[in-house]
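Asker: These protein sequence lines are chains A and B, in that order.
The numbering used here numbers the first residue of the first sequence as 82 and each following residue consecutively.
The numbering used here numbers the first residue of the second sequence as 126 and each following residue consecutively.
It should be emphasised that the hints constitute simulated quantities derived from the structure, not laboratory data.
For clarity, every value in this text was computed on a predicted model and none was experimentally measured.
Treat the hints with caution; some may be incorrect.
[Claimed, not checked] Each computed DSSO-like pair below joins lysine-lysine, with the alpha-carbon atoms no more than 30 Å apart:
1) A:Lys244 x B:Lys264
2) A:Lys98 x A:Lys157
3) A:Lys153 x B:Lys264
4) B:Lys155 x A:Lys153
5) B:Lys165 x A:Lys205
6) A:Lys98 x B:Lys348
7) B:Lys264 x A:Lys205
8) B:Lys165 x A:Lys244
This is what each chain is made of:
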Amino acid sequence: MDKSKKIAPILSIKNLKKSFGDNHVLNGFTLELFEGENLVLMGKSGSGKSVMIRCLVGLMQPDEGSLEIMGKDISKLSQNEFNELRTELGFLFQGSALYDSMTVRENLEFPMRQQNKTEEESLKLVLEALDSVGLRDAIDLMPEELSGGMKRRIALARAIILKPRIIIYDEPTTGLDPITAKEIIQLMRNIQLNYKTSSLIITHDVDCARVISNRMILLIDGINYAVGTFEELSTNKDEKIQAFFK
Amino acid sequence: MITTSQIENKLKSFFTEIGELSYFAGRFFKEVFTLPFEFKELLRQCYNMGNRSLFLVGITGFILGLVFTLQSRPTLMEFGAQSWMPSMVSISIVREIGPVIIALICAGKISSGIGAELGSMRVTEQIDAMEVSGTNPFKYLVVTRIMAATFMIPLLIIFGDTIALFGSALVENLKGDVSFQLYFNKVFDAIEFSDILPATVKSFFFGFAIGLVGSFKGYNCTKGTVGVGEASNSAVVYTSVLLFIIDFIAVFITDIFFEL
């Protein structure tokens, strides 16, 4: 990691602040994600993890702070420029967020709408993404016909369809049984190896963090309370840090 | 007991909502003329709204014409004016009753449907997923639905009016021994351009209101599944009130130009 820290981060958040009335959710949160890195962010429910990623992908406006994706300050981009930059981001939503009225194929084709691809090119990418998650046969199914684990995999396939450089995972294993959760974690590792992506993973799942993280950040009281590898943090004596690993 | 501050808060939230709805409508007009156009989704919405409402509108129109004629017959017969039945029924249905009743039925079916659909998409983060993927969800979901409603409601109203006149003709045929040909001859003699034009123009506004309010309520839905129910319910209530306001303005303007 020392070597990677010498180069510019692919994603950078500096001094991020966000309040809802008197509730100060983020109080100067800072984060740097480097090329090829799997960075895990852990925090209690309501600690501001989701607020942070919503600010990062432009679904929410921060009160203060800077957000840079691949060296570009997103607050200075026009809507079109930002939409173009968003194609470099894959996002796996906690609840999968598949479009109910569309088939799996249409769900996967949706992010390619602005890409001017031919039908053959689109289908090739769809099949490639479905192969990556092992669900080629589900191409014509509707989301209602899929199990929770399958939905998560299809959502993952949709997140990687444009071969993004960064993937943001919002609680990827929440609500899944332990076996399916392990499969999803394995898929995440495979995707990182095959697509050479950098990943920001928000999770409560200690097993997931142990298996996948290169580095971890603990978000407490709206700031990055502790940063380090899984081993460093899990052996730390601080009570607040230990609470995450018990 | 309602306090002054409660009234003040209610008024404040009412006017805030009016402002937000106006902003939403403004955004629609801004987005509708910018590329890319979502023709495929527009056609899908037109098909969904039109085709799936056809039976409901047809049956409502038929019963409307039937009941209206049955109820009016005794009164007209008292004055020996039953021959006026086709003229009276056709003008009433084409000018006022048909558009308003069918628009209200569509408010219940289409506006609440849009509110519930977009509301559930909002709370399950599907709209966020569209936005994150670099697509403009407002254009894809809202613009297409408002346009589809604006185009389809006038067609549904014309269809409903026609079926209502058939219902009326059936009663006249069975009870008054009037042939269908004679009935419709009288209908076409009675209806004038000044009856059809204002009714058609206002039906476009009805359609716009139905699409706009349903989309507004669904797109801005909060509070989870409870919010979806509220969005659907309030879409119907707000649309119904808005339809009567539009109708009042339309009648007022028609009176200026055509002297009703």
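Asker: So which hints don't hold here, by number, going up?
Answerer: none
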